[in-house]
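Visitor: Join the two chains, each given in its own frame, into one complex according to the hints.
Protein chains in written order, with the working numbering: chain A, 1 to 428; chain B, 1 to 143.
Derived from the structure by calculation, the hints contain no laboratory data.
Incorrect hints may appear among the rest.
What the hints assert, rightly or not - List time: in silico DSSO-like cross-link candidates among lysine-lysine, alpha-carbon distance up to 30 angstroms:
hint : chain 1 : residue 1 : chain 2 : residue 2
1    : A       : Lys325    : A       : Lys206
2    : B       : Lys8      : A       : Lys425
3    : A       : Lys425    : B       : Lys133
Said to hold, decoys possible - Just a few of them, taken from the derived set where beta-carbon distance is under 8 angstroms, the chain B residues facing chain A:
hint : residue
4    : Phe21
5    : Trp24
6    : Glu29
7    : His30
8    : Ile32
9    : Gln56
10   : Asp77
11   : Ala78
12   : Met79
13   : Ile80
Beta carbons: idealized from backbone N, C-alpha and C, even for Gly.
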Amino acid sequence: MSTKAAPVTNAFNAEEIRAQFPILKELVHGKPLVYFDNAATSQKPRRVIKAESAYYATINANVHRGVHTLSTKATEAQEAARETIRKHINARHAHEVVFTSGTTASLNLAAFSLGQLLLKKGDEVLISGMEHHANIVPWQLACERHGAVLKVIPITDSGEWDLDAIPGQARNDKAGKGGNDIFGEKTRILAISHVSNTLGTINPIKELIAEAKKRGIITVVDGAQAIAHLNVDVQDLGCDLYAFSGHKAYGPTGTGVLYGREELLERMPPWQGGGEMIDVVTFAKTTYAKLPFKFEAGTPHIAGIIGLGEAIRWMEDYDKSAMAKHEHLLLEHTTKELLTIDGLRIIGTAKEKVGVISFVIDGVHHYDLGTLLDQQGIAVRTGHHCTQPLMERFAVSGTTRASFACFNTMEEVDAMVAATRKAVKMLR
Amino acid sequence: MSTTMTLKQAQQELIDEFAMFSDWQDRYEHLIELGKDLPLIAPEHKTDDNLVRGCQSRVWLRAEPQDGRIHFTADSDAMITKGIVALLVRVFNDRTPQEIIGASTEFIDQIGLRAHLSPNRANGLSAMIDQMKRYAIVYSATT
Numbered sequence: 001m002s003t004k005a006a007p008v009t010n011a012f013n014a015e016e017i018r019a020q021f022p023i024l025k026e027l028v029h030g031k032p033l034v035y036f037d038n039a040a041t042s043q044k045p046r047r048v049i050k051a052e053s054a055y056y057a058t059i060n061a062n063v064h065r066g067v068h069t070l071s072t073k074a075t076e077a078q079e080a081a082r083e084t085i086r087k088h089i090n091a092r093h094a095h096e097v098v099f100t101s102g103t104t105a106s107l108n109l110a111a112f113s114l115g116q117l118l119l120k121k122g123d124e125v126l127i128s129g130m131e132h133h134a135n136i137v138p139w140q141l142a143c144e145r146h147g148a149v150l151k152v153i154p155i156t157d158s159g160e161w162d163l164d165a166i167p168g169q170a171r172n173d174k175a176g177k178g179g180n181d182i183f184g185e186k187t188r189i190l191a192i193s194h195v196s197n198t199l200g201t202i203n204p205i206k207e208l209i210a211e212a213k214k215r216g217i218i219t220v221v222d223g224a225q226a227i228a229h230l231n232v233d234v235q236d237l238g239c240d241l242y243a244f245s246g247h248k249a250y251g252p253t254g255t256g257v258l259y260g261r262e263e264l265l266e267r268m269p270p271w272q273g274g275g276e277m278i279d280v281v282t283f284a285k286t287t288y289a290k291l292p293f294k295f296e297a298g299t300p301h302i303a304g305i306i307g308l309g310e311a312i313r314w315m316e317d318y319d320k321s322a323m324a325k326h327e328h329l330l331l332e333h334t335t336k337e338l339l340t341i342d343g344l345r346i347i348g349t350a351k352e353k354v355g356v357i358s359f360v361i362d363g364v365h366h367y368d369l370g371t372l373l374d375q376q377g378i379a380v381r382t383g384h385h386c387t388q389p390l391m392e393r394f395a396v397s398g399t400t401r402a403s404f405a406c407f408n409t410m411e412e413v414d415a416m417v418a419a420t421r422k423a424v425k426m427l428r
Numbered sequence: 001m002s003t004t005m006t007l008k009q010a011q012q013e014l015i016d017e018f019a020m021f022s023d024w025q026d027r028y029e030h031l032i033e034l035g036k037d038l039p040l041i042a043p044e045h046k047t048d049d050n051l052v053r054g055c056q057s058r059v060w061l062r063a064e065p066q067d068g069r070i071h072f073t074a075d076s077d078a079m080i081t082k083g084i085v086a087l088l089v090r091v092f093n094d095r096t097p098q099e100i101i102g103a104s105t106e107f108i109d110q111i112g113l114r115a116h117l118s119p120n121r122a123n124g125l126s127a128m129i130d131q132m133k134r135y136a137i138v139y140s141a142t143t
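Excised from the complex, chain B in its bound form (with noise of 0.2 angstroms):
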């Protein structure tokens, strides 16, 4: 899906994804909906190794190297948090590790959701996306 598109154009389909909604409601909705096609971890790796620290409900993020490239499964049981993981492994998922770490996340603003970006220890899309980077930066220096 998003091999065909750069990581900028992946994030430019979100923005204006979200932008079609004019309430909270529906963009939230669409958010839980997207959590449903997030790539699932496979159960034997929702481990404790795997879990993202900071967030309130529990983020079990994978990644695994392929062809140069980095792979990411994940999963929630919290519904918001599954779709906000959603959104970022669909920017993120099959990049090179380049692509991610000069990455910037200024589209978590523009679709409306920057109250999930606040440095406020119940929620952890800032940690998500840290340990996005620090996965890219580890496969890079290894590659």
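Here chain A stands alone, though its shape is the one from the complex (with noise of 0.2 angstroms):
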């Protein structure tokens, strides 16, 4: 094999990259915009934005239904969509593949149908503390529903899971580790998020599903602001379901993906009913069509899913690891820089972490923050960021949150840094 292969990853040339990304060349009050809140969603390359469009311009027409030719075109490049997404999850089959609107439909599809298929009353659902209120609330419905009760692994300072520490917590020893088992006897389900939103912690959780598993217990992860971070094989983590939005990845906006392993996705009743969703239909009773289309009710966000095809696509072509890389080294300058202003607290301080970064500074309210960090073309995110009880836990109203892509430059943290002393300065 040559030593010399074709230079098409690893390259990572951040003026490369940012020259696809048309939004970039916007002003915002005139200044050039530094958008930081790729946590909320990411920009899109011009690659998506045309494979979105030419859609639309050229084989617009519903899926699966027409003989036609628009509806096949449009059917292939939906299904070419969905196993190119198999492909970079490393899922065993195209049809674990589920579209969605996003991660919300995607936990709310799962909270759904696992309530109805595994929990019965006085059975737990173990979530942990830094959940986004996605992952949060309708476990909580599916609880009221079958007279469940929602379990929390506490959150250390460091932003971590404390495994050791779960306040009355049923124990069990299967595991034979001396009794320290944060599972329960009645733990039916343990739903995660790979990644904090809010933190940026990548929790480990690869060794939580294997925990889980050994007790039978079912494994949901809330992969939203990991897919466009890391490396996601759901084959490697052995989760049984896996939810991702496809607008946090590059992708439009109204798409996301609930992977789910095969054996279980068969057994899962269907969360809503209507067109594609079926086999037979009459008034006595209707049976559901195969995977993945089972889950699939209604027409779908074709130019959408054709979308985040393209963008998995466009994040393989400029390898997800260089990018992780670089995201990774405007971390590490951003919290240096930023701990030299006077009164500034990190918020999530975890080993392992994504290019998220939460921030409180003594007397400066964050809503004032934000608002004059936009005055100076900069965008971040304010608040509580759909995590109120880590809000609580952290004994914060909210935090100022920057969070990075590829697309982000060393420059553009050096200028959000004196924007944000600029700030105080304004604000003290």
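Guide: Printed below as a string of structure tokens:
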């Protein structure tokens, strides 16, 4: 084999990447846009925008129904996207990839359907204290419906799971580890985030999933913040379900995926009923379509799904590992520079983090800071980030959060730090 | 202060005041300064009942009828928000319910704070205006 492989990947060039994002040329309040809100939604490269509009311009038709040419082309394009995603997350089968409108819909599907399948009175669902509301509320609803109980893994001061301290949790000792088992006798479902949207913590999900599996517990992963930054291999992780959104991974809004292990998806009842998801409908009884269509009622977001497929191919072309490395350098630089600001405290100091940094500053309200950064062209997120229990854990009303993507630069970080200094001076 | 001026004049005065600032920094510094003149709500009234829903920062707003007019006191834990409440209070304070109900709020746009009017859940300017008008409606019905 030649030692000089074609330089398709690895050569990471932020400037080349930036040129592919039309929005980065926009001005905000007359200043160049610095977009640090990628954990909320990432910007889209031209290839994704083009793929989505090309569908409307050339092959727009409904999928899986028509015998006409456009319908066939649209179906092929959508299913090609499914196959791209299957490969990307290393699922065994394309039909293990269910399209949804986003992580929230994926988790609602999971909670509704698994609740029906598994939960009985007194059973427990275990989540963690750093979950996004989308991975809390659907489980609360499921618990209410079935009389089950929600249990929570506490969070340490650094923003990591505290697996040694689960107050009030019934213990069992099947693992033979001496009674310090975070799972109870009645734990049926473990639902955890791969990466925290607020703290950036990369959780050791593989280890916890392995322990859950030993006990026959079904595992669900909220991968919304992981998919654009980590190499996700669902077989290696061993999870039963894995949810993510397209729009946080350079893809269109309104797209998402629920990966599910075939055997489990077969057993899970459908969530929404309608067209596309049926086999035979009579007024006496309906039988459901095969996977994945059983879970895809109604016309999907075809254009978006095609765009999502393109986004995944785009990330693969530029090498996710190289992107992650670049984002990690941005994180390190930001952490170092921000800490030179008097009274600034970082919330979330785990060893393993993606490019997300949440902070609070003594005497400065996050809303004021966010407003004054915006005036300087810098987009950050402020508030509770849909993680109110986590805010309570850290005794803050909210934080300012900068979250990076592959197109961000060190210069932008410096601009944010300078703008933060300026804002703090105005506010104190 | 504002009782000698009509509500429209009070709005125009603010528009003129802000027109003096050409850059964002001066404009926001002035807004923060205005916040310092806000008639503060008494600590015992900083209750959940007086919280304005729909703001990322916390805003307390209290309305008391005084001789057929409405007297507002308020506070916020964020300085820019406090400045914005102060703007509104300067315009609406000690007016009759009819004046408040009928008032236009276009002046917010004209002083370059339009962004705060967007239906964004994070900023509560519309929520504050709604709350003031609701108080006015309630008092006009009871007097």
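Visitor: Each hint: holds or not?
Guide: Hints versus structure:
With a C-alpha separation of about 21 angstroms, the suggested pair lysine 325 (chain A) and lysine 206 (chain A) falls inside the 30 angstroms cut-off, and the hint holds. For the proposed pair lysine 8 (chain B) and lysine 425 (chain A), the alpha carbon gap of about 34 angstroms is over 30 angstroms, so the pair is violated. Straight-line distance between C-alpha atoms of lysine 425 (chain A) and lysine 133 (chain B) comes to about 35 angstroms, which puts the hinted pair past the 30 angstroms bound. At about 12 angstroms, the closest approach between the beta carbon of phenylalanine 21 (chain B) and any beta carbon in chain A exceeds 8 angstroms, and the interface hint on this residue is violated.
Annotation: tryptophan 24 (chain B) was flagged as interfacial toward chain A, and the flag holds, the nearest CB pair being 4 angstroms apart, inside 8 angstroms. With its C-beta approaching chain A no nearer than about 6 angstroms, glutamate 29 (chain B) sits inside the 8 angstroms limit, and its interface hint holds. Using the Cβ-Cβ criterion of 8 angstroms, the hint placing histidine 30 (chain B) at the interface with chain A is not satisfied: the shortest such distance is roughly 11 angstroms. At its closest, the beta carbon of isoleucine 32 (chain B) sits 7 angstroms from a beta carbon of chain A; the interface hint therefore holds under the 8 angstroms criterion.
Because the smallest distance between the Cβ of glutamine 56 (chain B) and any Cβ of chain A comes to about 5 angstroms, under 8 angstroms, the interface hint for this residue holds. The restraint placing aspartate 77 (chain B) at the interface with chain A holds, with a minimum CB-CB distance near 6 angstroms, inside the 8 angstroms limit. Annotation: alanine 78 (chain B) was flagged as interfacial toward chain A, and the flag holds, the nearest CB pair being 4 angstroms apart, inside 8 angstroms. For methionine 79 (chain B), the interface hint holds, since its Cβ comes within 8 angstroms of a Cβ in chain A; the closest pair sits about 5 angstroms apart.
Checking isoleucine 80 (chain B) against chain A by beta carbon gives a least distance of about 5 angstroms; that is within 8 angstroms, so the hint holds.
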